[in-house]
Amino acid sequence: MDNLVLLGVLLFLTVVVGSFMGIFAFAEVKSLRGEVRRLRAAVESASGASSESGPPPIAPAAQSVAAPPIVIAPVETPSSVDIPATGQFAATSRHKQQDLDDVVADTAGESAPRAVPPLREGFWERVQQNWMVWLGGACVALSGIFLARYGIEQGLLGPRVRVALGLITALALYIASEVLRRRTGGSHPTFAALAGGGAITAFAAILSAVHLYHLVEPGLAFGMLAVVALLTMWLARLHGPVLAAIGMLGAYSVPVLVSTGGGNVVGAMVYAVIISVSVLLLLRHVYRSWLWLGLLAGALLWWLISLQGHQADGWRGPYLAALAYLLLSVVPGDWLLQQNAGDGEGDISSAFARITQMLLPSLLLLLTAQCLSIFREGFPSASLASALWAWSPLVLVLLIAARRRTQLAPLPWLLLLGQLAAWLAGRLDRWEGLPVQLLPLPPDKQGVFLAFLAITAALFSAFALFNYRRGLARFWWASLAVMAPLLSLPVGYLLAGDGLPLYWWCLYAAVFGAVFLYLGSRGAGQGWHKSMVVWLFIGGHFAYSLAACLWLEQASLTLALALQAVSLAWIIRKFEMPALGWLLKGVLLLVVVRLTLNPWLLSYGDDSHWSLWTYGGSVLCTWLATRILRDRQPALVRWAEAAALHLLVLALWAESRYWLYDGHAFAAHYSFTEAVINMWLFTGLGLVYYRKSLLAGSFSRWYDGYGRLLILAAVANYVGILLATAISEPWVWSSIGERPLLNMLLPAFAGPALLAWLVSRWYLPGVRRPAGLASACAAFIWISLEVRHLWQGDIRLDTSASTGELYTYSAVWLLLAVAAILFGSWRGWRSCYRGGMAVLALVIVKLFLVDMSGLEGLLRVASFMGMGLALLGIAYLHQKLGRVSAGRSP
18 MDNLVLLGVL
28 LFLTVVVGSF
38 MGIFAFAEVK
48 SLRGEVRRLR
58 AAVESASGAS
68 SESGPPPIAP
78 AAQSVAAPPI
88 VIAPVETPSS
98 VDIPATGQFA
108 ATSRHKQQDL
118 DDVVADTAGE
128 SAPRAVPPLR
138 EGFWERVQQN
148 WMVWLGGACV
158 ALSGIFLARY
168 GIEQGLLGPR
178 VRVALGLITA
188 LALYIASEVL
198 RRRTGGSHPT
208 FAALAGGGAI
218 TAFAAILSAV
228 HLYHLVEPGL
238 AFGMLAVVAL
248 LTMWLARLHG
258 PVLAAIGMLG
268 AYSVPVLVST
278 GGGNVVGAMV
288 YAVIISVSVL
298 LLLRHVYRSW
308 LWLGLLAGAL
318 LWWLISLQGH
328 QADGWRGPYL
338 AALAYLLLSV
348 VPGDWLLQQN
358 AGDGEGDISS
368 AFARITQMLL
378 PSLLLLLTAQ
388 CLSIFREGFP
398 SASLASALWA
408 WSPLVLVLLI
418 AARRRTQLAP
428 LPWLLLLGQL
438 AAWLAGRLDR
448 WEGLPVQLLP
458 LPPDKQGVFL
468 AFLAITAALF
478 SAFALFNYRR
488 GLARFWWASL
498 AVMAPLLSLP
508 VGYLLAGDGL
518 PLYWWCLYAA
528 VFGAVFLYLG
538 SRGAGQGWHK
548 SMVVWLFIGG
558 HFAYSLAACL
568 WLEQASLTLA
578 LALQAVSLAW
588 IIRKFEMPAL
598 GWLLKGVLLL
608 VVVRLTLNPW
618 LLSYGDDSHW
628 SLWTYGGSVL
638 CTWLATRILR
648 DRQPALVRWA
658 EAAALHLLVL
668 ALWAESRYWL
678 YDGHAFAAHY
688 SFTEAVINMW
698 LFTGLGLVYY
708 RKSLLAGSFS
718 RWYDGYGRLL
728 ILAAVANYVG
738 ILLATAISEP
748 WVWSSIGERP
758 LLNMLLPAFA
768 GPALLAWLVS
778 RWYLPGVRRP
788 AGLASACAAF
798 IWISLEVRHL
808 WQGDIRLDTS
818 ASTGELYTYS
828 AVWLLLAVAA
838 ILFGSWRGWR
848 SCYRGGMAVL
858 ALVIVKLFLV
868 DMSGLEGLLR
878 VASFMGMGLA
888 LLGIAYLHQK
898 LGRVSAGRSP
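Per this note's numbering, the sequence shown starts with residue 18, numbered consecutively.
What the hints contain is simulated information worked out from the structure, not anything from laboratory work. A portion of the hints provided could be inaccurate.
Simulated pairs of lysine to any residue, SDA-like, Cα-Cα distance not exceeding 20 angstroms [said to hold, decoys possible]: (1) K591 with R644; (2) K591 with L580; (3) K547 with L580; (4) K591 with A652; (5) K591 with V654; (6) K591 with S548; (7) K591 with G542; (8) K602 with Q650.
Now the in silico label distances, taken between C-beta atoms and shown as ranges [said to hold, decoys possible]: (9) A741 with E593: 33 to 43 angstroms; (10) S688 with W630: 23 to 33 angstroms; (11) V178 with D446: 52 to 62 angstroms; (12) R57 with L318: 44 to 54 angstroms; (13) V178 with I472: 50 to 60 angstroms.
Yeah, the Cβ is synthetic: ideal placement off N, Cα and C, and Gly gets one too.
Throw the hints in and build the complete structure from the sequences for me.
What follows is the structure, encoded as structure tokens:
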């Protein structure tokens with residue numbers, strides 16, 4: 018029975034392959050005959066045109082011998098014409114006239130429909146031309162796979178016969194594609210589809226032999242798979258990229274199609290590495306960007322599948338490292354990763370040059386995959402060797418490869434940061450009803466984890482120093498060598514802090530800082546490269562900050578950070594290190610942000626006057642930094658001055674609240690006294706910022722904007738006080754007190770008049786006139802409230818006023834009006850004069866409607882007589898002062 022089935026299958030394959038061969042041979046012969054006719058007609062027409070145009074030009078002296086005429090080979094059979102894949106016609110004669118050769122080449126290029134499509138041809142055009150070919154090739158490949166599956170399900174053949182039948186089918190498809198290619202004299206997508214089907218069938222047969230039937234050992238099976246993959250890629254050089262696409266996609270998908278359900282993910286990952294080698298070997302000779310992308314997609318697909326379980330734990334890192342090594346080494350043949358990007362010869366160098374632009378993003382994907390693997394697996398076990406085996410190979414590959422490739426220098430930095438972030442993110446957890454917390458490692462893993470971190474940091478630093486000596490991308494390597502141990506230190510403290518006492522962690526950080534600062538000062542004196550000196554100073558300050566963060570808390574930590582501004586300024590001045598300016602800016606920005614957000618971030622005890630030495634100390638440190646740099650770094654000085662002014666605002670604000678609320682500077686309370694203080698503080702500093710903006714150069718817009726915010730804050734405080742006064746809020750009148758004149762009315766209501774006058778004199782020209790008007794209004798309000806306080810003992814407006822109080826308002830307002838009118842007339846200030854007239858009109862209306870409404874008899878006569886005489890006197894003085902002013906004017 019087995020023999021009959023085998024014979025039937027072979028007969029079926031023979032008929033199918035023979036039919037394909039006959040059809041394609043007939044089609045190719047007919048097509049080639051038509052092409053030969055067109056080419057001959059083109060050559061003859063070109064020859065006739067050249068003979069009619071006149072005698073040929075005189076040949077140069079170096080070519081005195083006339084070229085013989087073109088000889089066309091016989092064309093009775095298709096094999097007599099050789100049309101290369103590039104579509105250019107090749108004559109059989111050894112000598113050709115140049116003009117005829119150009120015509121023949123152009124004509125042949127137009128008349129070769131089966132030539133490989135140009136590189137710029139659109140994807141959809143290729144789909145329209147070859148969709149049937151691709152579909153047919155896929156069907157042939159699936160037929161081989163499903164033939165093996167059918168034999169498995171039906172039990173028709175024995176295991177050995179099934180495997181042998183699959184290999185024979187694959188070999189037959191290979192041979193058929195090659196025979197057809199040789200018979201037709203060129204390649205065709207159909208032949209590539211046949212070869213691709215053979216490749217997939219061979220993959221399926223070998224995998225079934227090792228996974229299903231266990232007929233061969235895994236090592237031998239993968240060797241056979243490697244041979245099949247290499248054969249497929251070698252044939253792709255002859256049949257074009259279609260075969261490469263079919264073989265690559267089929268090869269990556271075969272483990273899925275013939276999977277036994279055993280979940281051998283590690284074996285599939287090894288298999289994916291073998292297929293990746295084959296694709297890269299093809300890319301050495303035939304470059305297609307989608308081949309590279311397909312390689313990445315297939316390899317990372319198996320990495321993604323491995324995340325579904327724990328079988329591949331400990332193997333994902335070596336797998337990704339192997340892929341990175343293959344991407345870097347196979348195409349250029351740089352097996353020791355020692356070549357530069359342009360090294361190599363011929364086609365290999367050209368192919369590598371074309372994939373160089375895709376190398377960096379590809380390695381970034383592998384780097385990201387390793388970080389995600391760390392997040393998924395966590396620290397593997399209590400074995401140091403297993404941890405190093407799992408996560409160190411990719412580090413070594415990138416550090417070695419980036420030594421001679423400057424474009425890869427950022428990758429080790431990104432890998433270091435990504436791994437440290439992955440270790441921390443993997444330990445984040447959230448209990449029910451609690452926020453997210455960072456859980457330390459179990460006690461039995463903490464020691465091993467610290468050893469792993471130390472070895473990894475030493476690995477990064479050692480290779481970074483080794484690469485630094487090469488002289489390429491020195492800033493990258495110097496920064497990595499210095500910062501790798503410093504960044505690993507806080508991660509170790511957070512995840513395994515119980516492994517060592519706190520003072521040891523602080524001591525390690527302090528020792529690192531002292532060593533780096535010493536080396537930096539020595540390097541600056543001995544002429545070391547600037548990159549190393551700069552990063553040694555940066556590392557020293559970072560280590561100092563780390564020690565301060567571990568040992569100190571809250572207020573002391575802020576002051577410790579601010580002290581670095583002084584040391585950085587001194588280093589910049591002493592060693593001429595302007596490159597450290599960005600670090601000084603970063604320190605100042607950190608201090609400013611920390612102190613600005615203090616009310617929402619931190620809380621302080623009442624046992625010390627922390628506001629003075631935290632806020633005030635930070636202001637002092639920043640001011641000292643500006644004094645140190647004042648003659649050397651003007652741009653940096655302006656930056657530090659801006660930070661100092663901002664810190665001064667915060668210091669005055671915090672200190673005032675500290676005294677107002679008995680040491681609780683961040684108390685959730687806003688009193689009337691604080692509103693008055695803020696009004697004065699914000700207005701004064703707003704004026705300072707504006708005057709500073711006139712001299713700050715590039716910082717003028719920043720100063721001006723911040724000054725406007727402060728002025729608006731002061732106005733908001735004053736408006737709030739006025740509204741609270743208008744509705745008789747106890748928040749205002751209870752804080753005034755009963756003492757006449759010398760009370761809170763002076764700073765709260767007379768102060769705004771003075772501040773508005775200062776704004777009208779020294780602030781933006783566009784707001785000076787409105788500020789002058791606001792100053793007059795504020796003065797009028799203050800005087801009126803003083804009258805109210807003298808009569809009532811408070812400034813509540815919800816109580817009735819006595820007759821004497823009303824008359825006092827009229828008398829005082831009349832005096833104000835007279836003074837404003839006379840002063841405005843004398844000085845020629847029309848605004849002052851108009852303001853006085855407005856107040857006078859208000860007084861007259863008040864007298865008629867309020868004061869005199871209840872008077873009768875002689876009192877009414879006396880009142881009107883007095884008002885009339887007062888108005889006449891005002892008019893007389895106004896006219897006299899007006900004539901005097903007119904006489905003084907030129």
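Checked hints:
no. : hint                               : verdict
1   : K591 with R644                     : holds (14 angstroms)
2   : K591 with L580                     : holds (17 angstroms)
3   : K547 with L580                     : violated (24 angstroms)
4   : K591 with A652                     : holds (17 angstroms)
5   : K591 with V654                     : holds (16 angstroms)
6   : K591 with S548                     : holds (17 angstroms)
7   : K591 with G542                     : holds (10 angstroms)
8   : K602 with Q650                     : holds (13 angstroms)
9   : A741 with E593: 33 to 43 angstroms : violated (57 angstroms)
10  : S688 with W630: 23 to 33 angstroms : holds (25 angstroms)
11  : V178 with D446: 52 to 62 angstroms : holds (56 angstroms)
12  : R57 with L318: 44 to 54 angstroms  : holds (52 angstroms)
13  : V178 with I472: 50 to 60 angstroms : holds (54 angstroms)
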